[in-house]
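With the hints as constraints, model all of the structure from the sequences given.
Chains as they are written, first to last, in this note's numbering: chain A, 1 to 274; chain B, 1 to 304.
Worth flagging that the hints you see were computed from the coordinates, not collected in a lab.
Bear in mind the structure is a predicted one, so any value in this text is a computation, not a measurement.
Do not take every clue at face value.
What the hints assert, rightly or not - Straight-line Cα separation of at most 25 angstroms, DMTMM-like style, residue types lysine to aspartate or glutamate; simulated pairs:
#	chain 1	residue 1	chain 2	residue 2
1	B	K301	B	D173
2	A	K254	B	D85
3	B	K301	B	E281
4	B	K301	B	D4
5	A	K214	A	E251
6	A	K68	A	E35
7	A	K254	B	E80
8	A	K78	B	E63
9	B	K237	B	D4
10	A	K254	A	E215
11	A	K70	B	D36
12	A	K78	A	E215
13	A	K78	A	E27
14	B	K222	A	D51
15	A	K156	A	D185
16	A	K68	A	D37
17	A	K70	B	E278
18	A	K214	A	D185
19	A	K78	B	D201
20	A	K188	A	E232
21	A	K110	A	E142
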Amino acid sequence: MSPSRMRFAAGRIVRNEGHGEIFYRLEASLPEPVEFDPGQFAMVSGWPGNDPLLPRPLAIFRAGQGTKGKGTVEFVYKVVGRGTALLSGLHPGDPLSLTLPLGRGFDLGKDGRRYWLVGGGVGFATVFPAAAMLARRRAEYEMFLGSRTRDQLPPKEWTPGGSAAGRVHRCTEDGTAGSFGRVTDIVKERMAVLTEAEASRLTILACGPREMLKEIARAAASLGAGMQAALENHMACGFGVCWGCVVALREGEKTGYRRVCREGPVFDAREVVW
Amino acid sequence: MTPDLAVSLGSLRLKNPVMSASGTFGYGLEFAPFYDISRLGAIVVKGLSLAPAQGNPPGRIVETASGMLNAIGLQNIGVERFLADVAPRLSDAGATFAANIYGRTIEEYEAVAERLSGLASLAAIEVNASCPNVKEGGMAFGATPEGISLLTGRVRRATGKPLWVKLSPNVADIASIAAAAEDSGADAVSLINTIVGMAVDHRTRRARLANVTGGLSGPAIKPVALRMVWEVCRRVKIPVIGIGGIQTASDALEFLLVGAQAVQVGTANFRNPMACVEILEGIEAFLREERLHDIGDYRGKLLP
Chain A
1 MSPSRMRFAA
11 GRIVRNEGHG
21 EIFYRLEASL
31 PEPVEFDPGQ
41 FAMVSGWPGN
51 DPLLPRPLAI
61 FRAGQGTKGK
71 GTVEFVYKVV
81 GRGTALLSGL
91 HPGDPLSLTL
101 PLGRGFDLGK
111 DGRRYWLVGG
121 GVGFATVFPA
131 AAMLARRRAE
141 YEMFLGSRTR
151 DQLPPKEWTP
161 GGSAAGRVHR
171 CTEDGTAGSF
181 GRVTDIVKER
191 MAVLTEAEAS
201 RLTILACGPR
211 EMLKEIARAA
221 ASLGAGMQAA
231 LENHMACGFG
241 VCWGCVVALR
251 EGEKTGYRRV
261 CREGPVFDAR
271 EVVW
Chain B
1 MTPDLAVSLG
11 SLRLKNPVMS
21 ASGTFGYGLE
31 FAPFYDISRL
41 GAIVVKGLSL
51 APAQGNPPGR
61 IVETASGMLN
71 AIGLQNIGVE
81 RFLADVAPRL
91 SDAGATFAAN
101 IYGRTIEEYE
111 AVAERLSGLA
121 SLAAIEVNAS
131 CPNVKEGGMA
141 FGATPEGISL
151 LTGRVRRATG
161 KPLWVKLSPN
171 VADIASIAAA
181 AEDSGADAVS
191 LINTIVGMAV
201 DHRTRRARLA
211 NVTGGLSGPA
221 IKPVALRMVW
231 EVCRRVKIPV
241 IGIGGIQTAS
251 DALEFLLVGA
261 QAVQVGTANF
271 RNPMACVEIL
281 EGIEAFLREE
291 RLHDIGDYRG
301 KLLP
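So this is what it looks like as structure tokens:
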């Protein structure tokens, strides 16, 4: 099977460890290796029984080769409800059902672009794979990570490409780590001092709360910078058949409902009806 | 020996009794990456209307205990695009497929049915007389025996295709509605569609669905569906297609046991894209284990 092909896989948990109060890092083995584009996701379940019924969408954090031709996949998730709480209670060796890789990820195709990666809250889990790819390509990028408080920032050692000064900017709303303030404001302040030429060469890749995405999208649009926003939504299937996860997108004069799981989760921020 | 799983729905012969339920399987092709979709008894595609439809605003789905509510609102590509882009590819894939249809008026139902009638590869038309999420999604017809007679009779005259009528559980006496469909020319009835439900958030004090109410599906509704299928099987002579909360082969077998000729698997496709084939393989394994050579030797054999 082509490693980038969508499949339903019977995986097994290798580790599922809590970091700080809220993040879990989950690694599973897969029957075959999988390749993914940064921004793509998986539908994941493993708790017994029918309640909750549906798997949970998780951004793919990393994927690699396992032993004996098998594959591995990693996720970072935050416990937000019953599904993720049950997921966090699973142990190494437990079976895990996964449908992956899903959706359309970030477009990192263009040369000569300068990238800003913005992760609000657990949104870092979606933008880190993009950072890893840009670091491998030696592309020009900076990363902005924000959270409410210190414990909700990702551990520094998780940062792909190293967290050298000038490259990774961390901030908290309560000032307990990094700069003091919202990541939205910090990004907007930086944007405000760009020249027109700089702005036109900039692509922002962002994942986080909708309000954060909306504000940054507005600022980016007014400066002529590009922006790709990774959206989240409740979804039943994750592969385009339930039509439950739609968002409104601008299409010329009209708007239409498009699936976060299929046409997204990464959308051109200018097209999203915020 | 391989058990014979073939079933007849009137004049239509299906290679096995496992179908996908409309609205849970897209247009069928979405499942081609997961398995050979020609293995299914039939694929029932997402409800088609005369013109493409936008559907309801989000949020459209919410999880509930052992189930989910949806209020998609029949978003679909419309019958013309289905004929041009989808149907040929389903044929190429070797799939047996039926089209679920709906209209805002009886004339629209007739027009969609007529438009589909020329499609040689189409196995059947399933009339949606039961969508709870759209004002004109068929419920107006599906709620009474008179309404179902009118709709069934008119679509019957519009097409020579095998005609299935999909019934709503949101009625007082589903058996009399099924009987009305039978009397008006339906070749089969399929039931149940979703049960109207609602979820609210006690903190935000808002409904969880933009549409406020939605259709409940999943394992939570299986006992209701099973009872209704059993009642209808005792009332009508035409084949009954059982739907509602089928997640496993044993769930499917329960519907066959109370008299359903075939089943449709719905919400289970969302949680496991392999659900339909796993159920099919499970039914086959069960028949082998029971040393039954023909599924007909099991169907309708509920003991007193």
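Evaluation of the provided hints:
no., hint, verdict
1, B:K301 x B:D173, "holds, 24 angstroms"
2, A:K254 x B:D85, "holds, 23 angstroms"
3, B:K301 x B:E281, "holds, 21 angstroms"
4, B:K301 x B:D4, "holds, 17 angstroms"
5, A:K214 x A:E251, "holds, 18 angstroms"
6, A:K68 x A:E35, "holds, 17 angstroms"
7, A:K254 x B:E80, "holds, 21 angstroms"
8, A:K78 x B:E63, "holds, 19 angstroms"
9, B:K237 x B:D4, "holds, 23 angstroms"
10, A:K254 x A:E215, "holds, 22 angstroms"
11, A:K70 x B:D36, "holds, 24 angstroms"
12, A:K78 x A:E215, "holds, 23 angstroms"
13, A:K78 x A:E27, "holds, 14 angstroms"
14, B:K222 x A:D51, "holds, 14 angstroms"
15, A:K156 x A:D185, "holds, 22 angstroms"
16, A:K68 x A:D37, "holds, 24 angstroms"
17, A:K70 x B:E278, "holds, 23 angstroms"
18, A:K214 x A:D185, "holds, 12 angstroms"
19, A:K78 x B:D201, "holds, 21 angstroms"
20, A:K188 x A:E232, "holds, 22 angstroms"
21, A:K110 x A:E142, "holds, 16 angstroms"
Hint violations for this structure: none, all hints satisfied.
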